[in-house]
Amino acid sequence: MKNLKSYIFVLLALIAFTASAAKTVSAASILDGLRTKIIGAPSVEAVFTINGGEGPVQGSVILSGSKYTMTTPQMRAWFDGRTQWTLLQSSREVNVSEPDRAELMSSNPFAILTAHKDYYTARRLKDAGEMQRVELVPRDRTSAISDIVVAVNPRTGWPTSLEVSFDDNRKISVRIDRMNAGNAKAPSAFAFNAKDFPGYEIVDLR
Numbered sequence: 004m005k006n007l008k009s010y011i012f013v014l015l016a017l018i019a020f021t022a023s024a025a026k027t028v029s030a031a032s033i034l035d036g037l038r039t040k041i042i043g044a045p046s047v048e049a050v051f052t053i054n055g056g057e058g059p060v061q062g063s064v065i066l067s068g069s070k071y072t073m074t075t076p077q078m079r080a081w082f083d084g085r086t087q088w089t090l091l092q093s094s095r096e097v098n099v100s101e102p103d104r105a106e107l108m109s110s111n112p113f114a115i116l117t118a119h120k121d122y123y124t125a126r127r128l129k130d131a132g133e134m135q136r137v138e139l140v141p142r143d144r145t146s147a148i149s150d151i152v153v154a155v156n157p158r159t160g161w162p163t164s165l166e167v168s169f170d171d172n173r174k175i176s177v178r179i180d181r182m183n184a185g186n187a188k189a190p191s192a193f194a195f196n197a198k199d200f201p202g203y204e205i206v207d208l209r
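Residues are numbered in this note's numbering as their position in the sequence shown, beginning at 1, plus a constant of 3.
Careful, some of the hints might be misleading.
Computed cross-link-like contacts, DSSO-like style, restricted to lysine-lysine with a CA-CA straight-line distance of at most 30 Å [claimed, not checked]:
#1 Lys188 / Lys198
#2 Lys198 / Lys129
#3 Lys40 / Lys188
#4 Lys40 / Lys198
#5 Lys188 / Lys129
#6 Lys40 / Lys120
#7 Lys40 / Lys70
#8 Lys70 / Lys188
#9 Lys70 / Lys198
#10 Lys174 / Lys120
#11 Lys174 / Lys129
#12 Lys120 / Lys198
#13 Lys188 / Lys120
Don't read these hints as lab results, they were simulated from the structure.
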């Protein structure tokens with residue numbers, strides 16, 4: 004009986020230590036793991052739901068390094084690492100720009116997932132259930148973004164949500180319904196092709 008009690012005590016101590024260690028995972032470790040997971044994949048594909056402003060909007064995004072393409076019912080966007088094309092369905096126009104880092108973060112909240120750590124200050128927040136939460140505050144004081152809260156599933160290493168707060172008190176919540184590694188994509192997947200959208204006006208803002 005004495006040996007059994009000792010065994011139970013050791014087991015409980017081990018469980019308590021493991022739980023304590025899980026809680027002390029740093030914000031930097033969570034973000035480094037997430038960044039490595041995304042950058043290490045040939046591409047990453049996600050399906051998401053945005054809440055904020057005009058209500059729930061569903062969409063999808065493909066990430067590949069700094070490149071991305073995003074689709075929602077209202078718009079489409081492509082970024083090839085330098086040039087960004089934003090297609091607006093309502094006005095049937097395509098805005099062409101060369102966004103800086105802050106502008107890119109505002110137009111594509113997923114860009115924060117691979118942003119270098121010199122872009123933001125990270126702070127570990129209290130977990131939400133099983134999800135690990137990290138707050139990111141841009142170091143650039145001119146950024147339109149006040150902060151971003153990223154929730155990560157520690158069992159999969161993939162993010163489950165993004166909450167973006169802007170300096171004009173707007174807030175956007177992005178629920179990531181599905182996210183997984185995909186195959187390598189051709190460069191053309193991240194560039195606008197005018198032949199696919201006849202009749203759209205091209206507005207060059209560069």
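Cross-check of the supplied hints:
Restraint check for Lys188 and Lys198: the C-alpha separation of about 20 Å stays at or below 30 Å, so the hint holds. With a C-alpha separation of about 49 Å, the suggested pairing of Lys198 with Lys129 is violated against the 30 Å cut-off. Restraint check for Lys40 and Lys188: satisfied, since their Cα atoms lie roughly 17 Å apart, inside the 30 Å limit. Restraint check for Lys40 and Lys198: the C-alpha separation of about 35 Å exceeds 30 Å, so the hint is violated.
Of the pairs offered as hints, the one joining Lys188 and Lys129 is violated, with about 37 Å between alpha carbons and a cut-off of 30 Å exceeded. This hinted pair checks out: Lys40 and Lys120 have alpha carbons roughly 15 Å apart, not beyond 30 Å. Distance check on the hinted pair: Lys40 and Lys70 sit about 16 Å apart at the alpha-carbon level, within 30 Å; holds. With a C-alpha separation of about 10 Å, the suggested pairing of Lys70 with Lys188 holds against the 30 Å cut-off.
At most 30 Å may separate the alpha-carbon atoms for a hinted pair to count; Lys70 and Lys198 meet this at roughly 21 Å. Using a Cα cut-off of 30 Å, the hinted pair Lys174 and Lys120 holds, with the two alpha carbons roughly 23 Å apart. Restraint check for Lys174 and Lys129: satisfied, since their Cα atoms lie roughly 20 Å apart, inside the 30 Å limit. Proposed proximity of Lys120 and Lys198 is contradicted: the alpha carbons are some 39 Å apart, above 30 Å.
Annotation: proposed proximity of Lys188 to Lys120 holds, straight-line Cα distance about 26 Å (limit 30 Å).
The structure is inconsistent with the numbered hints 2, 4, 5 and 12, although it conforms to all the rest.
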